[in-house]
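Adding 31 to a residue's 1-based position in the sequence shown gives its number in the numbering used here.
No lab work stands behind these hints, which were simulated from the structure alone.
Please read these numbers as outputs of a predicted model, since none were measured by experiment.
Incorrect hints may have been included.
Unchecked claim - Below, in silico cross-link-like pairs of lysine-lysine (PhoX-like), each with a Cα-Cα straight-line distance of 25 Å or less: (1) K370 to K88; (2) K267 to K393; (3) K633 to K599; (4) K88 to K318; (5) K318 to K210; (6) K646 to K585; (7) K646 to K632.
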Amino acid sequence: MSAKESKVHAFVRVKPTANFPQDMIKYGPDNKSIDIYIRRDVKKGVVNNKQTDWSFKLDGVLHNASQDSVYDAVARDLVSQALDGYNGTIMCYGQTGAGKTYTMTGATENYKHRGIIPRAIQQVFRAVEEHIDQSITVRISYLEIYNETLFDLLSTMPHDMSGDTHMAVVEYPQGVFVKGLSMHPASHEEDALNLLFEGETNRIIGEHTLNKNSSRSHCIFTIYIESHSRILSDAKYTASKINLVDLAGSERLGKTGSEGQVLKEATYINKSLSFLEQAIIALADRKRDHVPFRQSKLTHALKDSLGGNCNTVLVANIYGEAVQIEETLSSLRFATRMKWVTTEPAINEKYDPERMVKNLEKEIVLLKQELAMHDSLVNRSLVNYDPLNEIQIAEINSQVRRYLEGATDDIDIMNIRQIQEVFNQFKVILSQQEQEVEARLRNKYTLIDKGDFAAITAAQKAGLVDAEGHLVGEVDGQGFGIGVAPLSKPGGKKVKAKKAKEQLSSPPAKLVAFEEFKNERGSEINRIFKENKAILCDRKKKASEITHRLNLIKQEMDITKQALGAQKKEREEQGEYVNEEGQIIIDEEEFLLVMKLKDLKKQYRCDFDELRDLKAEVQYCQHLVDQCRNRLISEFEIWYNESFLIPEDVQEAIKPGGNIRPGMIPMNRVLCLVSCAGESGCPPCLTADEDEQERFDRLQGEVLPACPDSTSFYNAKMKTDQKHKYFRAMAALQQMHKKPGLITATVKNKPPAALHVI
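Produce the complete structure using the sequences and hints provided.
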């Protein structure tokens, strides 16, 4: 379907404050214009030409607007069109603390104050229920861009299979995608809200003078929608996505007084927002052929949303205070520039591969019939064009074996499929013979690979290698040493039994227990730690390679400069030639040196920029490795305490020969073994869970009868809260073992099915 140009819609939402000057901001009668006036500063004298009033024309001004009216004005039509196959994007832009996150996400504790994302989720799933003739599939992803690094906020979900995959923005003919970003299916509204709340808890926030819970990263919550017809048998279907973007707030460092890590975050935020504004200016200029989307991860990820196949809406959040007038004017200018950007929204039609395969199968049948007809017309013998069945493959295998044994000199060939199968059977027979030879050798000897140093070390300990380091026995032509495996040491079972008794009587050494923890309970954390460390080593290696390349380029630049200097000196000594325009004429050799130096400088700048980005990645990867290491150690301490440092009352249940052994008691079973006795050392976070649950039950009883649609919202919020309370309970239990007396508690809610760390 041909795309039609559409302007980007821009709205402004004013954050109400107590110090709101009524004469500073005025709104048009149609609520589509906003005028700002500031009083002239009399301290600067009579002659003062500084501008004092501004006027901006937008698609809507949202002042003292509820969350319902904001959603109706900004998002409802966009979501409806997304259900018809159009891509959509909503962005919240503005100063730190102006209400972007409140507009986009809302207050997760109150159903009435929920933002655009929860309401969009509800609208999508209501449409799924209404469209009976359509099979609609919904998936969710949540991307965070922090300090120019991509993160998956849903990587802690149990059904996430992406692992620790490196993420990158890639471009395909179908559009821009984030490689490595997990997408999670959501069959109900509650499932999607669970994903939203889980991602919100993983976001990076900070505190400064303008906002105690300031978002320190850009976040993109995406809803993917696929709609297949239940009535038509056509392979065509629609696929669309809704990008809901919560941008980090711009801030003036002089006002916030940021320093340290917060200062570094603010620098990255302002830099990415500056690149976003540059991209918007380039898009608004029809004469510009190049748009700098690749300057930052944010603009690259939003390439389709800014100037592609998408319905785009911007919400500029501003303060209503005179002290914030500079940031307010900057946000309004950005909103007016966005209105000049045009997009080309069109229905995203795709084809179902399964239906396409069926159509192709029908076409293959027709082509085979035409081939058979052609063979009969030219009096060719009957040729079978179908795939070979098991009987035919077995016959070819038999012929190949007879050929290898010398029983026959020919193999019957009728068509190309038989030729391919003959070569395939040669491979099969060769592989079977290799496996049989190796199996016979392993039954009689111990095979050690010469290139496997770990195996050689183990063989030395087992006595399979002599003092000089040579393998015992003869060496075959494949690099394997053949020797007799030593017999197991006598008395092995008694030693193991003795060790088991010692483990029951006293806790094992922490070093031994730590190795056991890494292989069992902490295997997932240990895996993440190793993978993070591998990524860190890879980044360091790349940085070292680029540094070496930069040094070589610098040396070559110095040599080229010296050659240019010599050429210039020789030209001055011989006399310079000038053309009619007064420009100095140089020879071809000097011209080539000048061009070479120019190319070297360009390459040097590119490599230097790449090295700078790599250093930032190395720094963050080092932070992740340190975080994983600390988490691994802390989780081990908790596991060790709750597994071996058990109170005396519980030790009675752990006896030799019993079903419960040290090291096998999970967290929830320990909590169930003890019950609250009211000791003074009881951690408040354990006993407070009951109050939270009772408060939630009471709130649910009061709200749900009046508003049944809020069921999914509150259920999803409860599950997320329970999961993170469980993590806090684990930390509290660690403190429990450090205090005298038996601390007991009753856990009313079950812990989550799986723990997710890092």
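Here is what the structure says about each hint:
Only pairs whose Cα atoms come within 25 Å are accepted, and K370 paired with K88 is accepted, the gap being roughly 9 Å. A C-alpha spacing of about 18 Å is found between K267 and K393, which places the hinted pair at or below 25 Å, so the restraint holds. For the given pair, K633 sits about 22 Å from K599 by alpha-carbon distance, which is consistent with the 25 Å threshold. Our distance criterion of 25 Å between C-alpha atoms is met by K88 and K318, whose separation comes to about 24 Å.
Among the hinted pairs, K318 with K210 is inconsistent with the structure: their alpha-carbon atoms are about 32 Å apart, more than 25 Å. Between the alpha carbons of K646 and K585 the distance comes to roughly 19 Å, so the proposed pair stays at or under 25 Å and holds. At roughly 21 Å between alpha-carbon atoms, K646 and K632 fall within 25 Å of each other, so this suggested pair holds.
Checked against the numbered hints given earlier, this structure breaks only hint 5.
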